[in-house]
Amino acid sequence: MQKFKIKKYIDNSNVSRFRFWIQLLSFFLFVYGGYFFIEIGSRLPIFSCPYVEGSPGGCYLIGVQHELHSTWSTIFSPRGISILKSLGIFLIFFIFLNKAWCGFVCPLGTLQDWITRLRKALGFSFVRYDEMSFKRLKSIKYILLFLLILIPLAIKNSFFGLPLLPEGMHTPFCQICPARIILPLFTGDTSQIFVDFTDPATIIMSSLGLMVAAIFLVGSFVKKRFFCFFCPMSALQYFFSKIGILRLVKDGDKCTRCGNCSRVCDIGITEIADDVLSKNIVKDDCMMCFKCVEACPEEGALKVKVVNFDIFSATEEGFFKRYGETDDPEHLEKHGLLNSNKKKDD
Amino acid sequence: MIKATDIDRYNRLKKTSTIHYNMEVNQVLSEIIDDFPDKLAGMEYFYNKFRPLEEGKSLYPKDKKLIASMCIHVPIEIIHALDATAVRICSGAYSADAAGSDFLPAKICPMVKSTLGSIYLDMLPGNANPDLVINPTTCDQKKKIGEMEDEIGKEFYVLEVPPSKDSEEARQYWHRSVKKMVKKLEKVTGNRLTRRKLKNSIKMVSMAQAEFRRFMRLRKNAPVIYGKDALLITNAYFFDDIYNWTKNLTILNDELEERIKQEVNVVGTRAPRILLTGSPSIFPNMRTPILVEKLGGIVVYEEFCSSSRMLSDTVAVDEWFLYDMVPAVADRYLKPSTCPNFTPNDDRIRKILLAMKDYKVDGVVYQTFTGCQLYDMESRKIGQELEKAGYPVLNVELDYNPKDSGQLTTRLEAFMESIKDNKRKR
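For the record, the sequence lines run as chains S and U. For the first sequence, position 70 (counting from the first letter as 1) is numbered 319 according to the numbering used here, and the numbering increases by one without interruption. For the second sequence, position 268 (counting from the first letter as 1) is numbered 344 according to the numbering used here, and the numbering increases by one without interruption.
In isolation and in its complexed conformation, chain S is listed as follows (with noise of 0.2 angstroms):
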């Protein structure tokens, strides 16, 4: 009975709230935390970027840019063991979450949410994009998640007896990676905006970063998060994320496809309503932010697990809680609720 009532407070409960202060501490973690003597590794799968000061870890995509960065003889040498440790260490943080890092932890994503939460006190309306270049754009992401695994690569191989790439080329994703810019900004820190005049790589590669940057901005204003559609950190991930621990299940025969879900979902994955067929209902574009159990009035039909144990399930209840109830007092008024305490449920 104990358990019955603390799965019914779950479920009434308000993810987003709690998710908002989740963000808000691993933001400061991923930010100031090395500034504490904390440590948590290179190989994380978050943008926790190591340009920031005070970051406490490190990027598993500028782990994996550095490790490619080599030729072949030498990945295919015992050497190139510490790629695949690295990426045993990336999964091993990885499943836990699931993605949910990209929903809960990521400092980018959080800034993200933040910069939606300005927009939304201005009153400006978000965009969404339409169907055709939703699909369109999200290749994106996998082209990106390619690129920064062939470019390394490339520089210090040649392919089909193509000259090598320059040097300047190095850690290319990290080079217009907008988190590089922006991040260390939250510790006092500028040296990031600069264009790198070394060589024409480098010129071509650190402006660009600063149009990303800049794009980023713009972009996540007027879209709900927007970096984290062409994010190839997201792409990444989800090539792992069947074996995630913390999972996203679908009941599609208790689905109305009312859409209440893919309309409160900030990136607008639409298979989240209309697929009835999956269980697992992770997307590639999804970060796990549960906002859709939150939005389903259908007990049962979206579900969050750790393996097979339920922790937090769309019910009817929890959905009249989070949508239905206001305090608005012209609307208590008619109800007949004003200035009394009464709730039939309790």
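Simulated from the structure, these hints should not be mistaken for lab results. A couple of the hints might just be wrong.
[As the list claims (entries may be wrong)] Straight-line alpha carbon distances no greater than 20 angstroms define the calculated PhoX-like cross-link-like pairs of lysine-lysine that follow:
#  : chain 1 : residue 1 : chain 2 : residue 2
1  : U       : K323      : S       : K570
2  : U       : K433      : S       : K503
3  : U       : K479      : U       : K436
4  : U       : K230      : U       : K260
5  : U       : K433      : U       : K464
6  : U       : K370      : U       : K499
7  : U       : K255      : U       : K273
8  : U       : K479      : U       : K183
9  : U       : K220      : U       : K183
10 : U       : K296      : U       : K141
11 : S       : K552      : S       : K570
12 : S       : K583      : U       : K323
13 : S       : K554      : S       : K528
14 : S       : K583      : U       : K273
15 : U       : K296      : U       : K436
16 : U       : K296      : S       : K503
17 : S       : K552      : S       : K257
18 : U       : K273      : S       : K369
19 : S       : K554      : S       : K257
20 : U       : K260      : S       : K583
21 : U       : K436      : U       : K499
22 : U       : K263      : U       : K141
23 : S       : K503      : U       : K436
24 : U       : K138      : S       : K583
25 : U       : K141      : U       : K260
26 : U       : K256      : U       : K273
Treat the numbers as computed from the prediction; the structure is a model and nothing was measured.
We have chain S; now place chain U onto it with these hints.
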């Protein structure tokens, strides 16, 4: 408007039809109330909602504009947010059928005839006199009525509903269509849609939905309420004040909860549990549910646009500003709708199959009004799917004329008996 020479005829028709209407209403009410022994105290409020009003009296606040809708696809949250009264005027009255027939070909659905007749003769629920009739382009027969607005003497507004609901194009089209309706309603009511008003209106409907869903939850197990009563409750939602409706449904739900605790049922637990679907039962056309229940069955779920389809689906708004609230409201009327006017309409099959399990249904009675092609056409596929899942289905075709109940009774009786037999064998 009506020609001078016709005024006399019109007045006569109106007079006789009104007398017939009152008789019809009183007779159906007495059947619903008096022919069944077990009465819930909480039902009294809803029964009274249907008693005919004296001429000249109106159920609605006089200082507000009255907007009538001919279908569930009209977003009533928006009407209420503009300080107008929303009334759904789909009619189930046989007494208005004849007047409507004058305008229409013979093979037209009686609901459309009756609705047209009741608008023409001013025989709308609660003596409504709408300032505007919103006519969504759902089924063909209904949408063409709007073209007769000059003859009928009421202003119609065509609300464009897409013929399909799955595609993004349909959704965009519908969003625009709803935004256009907002403009029109702002003009008619003279009020502007504000953030606070719409938010409160969404919450008002949401509380009604929460209460309705609680009501449906209470019906899942023990047979504590008749389907004919459940249908009256949802029919009252067509024209009742939503705050009052919700309050009274809360009282009834509390009573039902009490009954469940004390194990007081309206029928024996072995009574065949029936799901009704198809063309909607709208008061006073309550023949099918009344017959089912007089024959010892109990209707536990109604998949009708006069019932669950109208009240189950919710609005989820991400950002409580007009730019998100209006599309959110619009979405609730499109995406989860199981109206057969949309194609494909697999959601309806899935919804019925889920209800079969959730409500422990023994059999389905599929009702089609003569001339209602959409429901008629869907009956085949739904029948096949249900039979595949092992449920018996009875297709019945009827119109509003109460005199031809003989055959319906015989068929329902046989259906009930076979279900009872099966239940006994199990």
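Hint check results:
Restraint check: the Cα-Cα separation between K323/U and K570/S comes to about 18 angstroms, which is no more than 20 angstroms; the hinted pair holds. Between K433/U and K503/S, the direct Cα distance comes to roughly 11 angstroms. Compliance with the 20 angstroms bound is thereby established for this hinted pair. Between K479/U and K436/U the CA atoms are separated by roughly 33 angstroms; this puts the pair beyond 20 angstroms, and the hint is violated. As the CA atoms of K230/U and K260/U are separated by approximately 15 angstroms, the hinted pair is consistent with the 20 angstroms bound.
With a CA separation close to 14 angstroms, the supplied pair K433/U and K464/U stays within the 20 angstroms bound. Of the supplied pair hints, the one linking K370/U and K499/U holds, its CA atoms being roughly 18 angstroms apart against a limit of 20 angstroms. As the CA atoms of K255/U and K273/U are separated by approximately 16 angstroms, the hinted pair is consistent with the 20 angstroms bound. Under the criterion of a C-alpha separation no larger than 20 angstroms, the hint pairing K479/U with K183/U is consistent with the structure, at around 18 angstroms.
A threshold of 20 angstroms between alpha carbons decides the hint, and for K220/U with K183/U the separation of about 14 angstroms falls inside it, so the pair holds. Restraint check for K296/U and K141/U: the C-alpha separation of about 39 angstroms exceeds 20 angstroms, so the hint is violated. Among the hinted pairs, K552/S with K570/S is consistent with the structure: their alpha-carbon atoms are about 17 angstroms apart, no more than 20 angstroms. Annotation: proposed proximity of K583/S to K323/U holds, straight-line Cα distance about 10 angstroms (limit 20 angstroms).
A hinted pair counts as satisfied when its Cα atoms are at most 20 angstroms apart, and K554/S with K528/S qualifies at roughly 12 angstroms. Of the pairs offered as hints, the one joining K583/S and K273/U holds, with about 13 angstroms between alpha carbons and a cut-off of 20 angstroms not exceeded. Proposed proximity of K296/U and K436/U is supported: the alpha carbons are some 7 angstroms apart, at most 20 angstroms. Between K296/U and K503/S the alpha-carbon distance is near 15 angstroms, which keeps this suggested pair within the 20 angstroms criterion.
Distance hint between K552/S and K257/S is fulfilled; the C-alpha atoms sit about 13 angstroms from each other, no more than 20 angstroms. Under the criterion of a C-alpha separation no larger than 20 angstroms, the hint pairing K273/U with K369/S is consistent with the structure, at around 19 angstroms. A distance of roughly 15 angstroms separates the Cα atoms of K554/S and K257/S; the hinted pair therefore holds under the 20 angstroms criterion. Between K260/U and K583/S the alpha-carbon distance is near 27 angstroms, which puts this suggested pair outside the 20 angstroms criterion.
Straight-line distance between C-alpha atoms of K436/U and K499/U comes to about 12 angstroms, which keeps the hinted pair within the 20 angstroms bound. Proposed proximity of K263/U and K141/U is supported: the alpha carbons are some 11 angstroms apart, at most 20 angstroms. Distance restraint check for K503/S and K436/U: the Cα-Cα separation of roughly 15 angstroms lies within the 20 angstroms cut-off, and the hinted pair is therefore satisfied. Of the supplied pair hints, the one linking K138/U and K583/S holds, its CA atoms being roughly 18 angstroms apart against a limit of 20 angstroms.
Distance hint between K141/U and K260/U is fulfilled; the C-alpha atoms sit about 13 angstroms from each other, no more than 20 angstroms. Between K256/U and K273/U the alpha-carbon distance is near 18 angstroms, which keeps this suggested pair within the 20 angstroms criterion.
Comparing the model with each earlier hint shows violations of hints 3, 10, 20; every other hint is respected.
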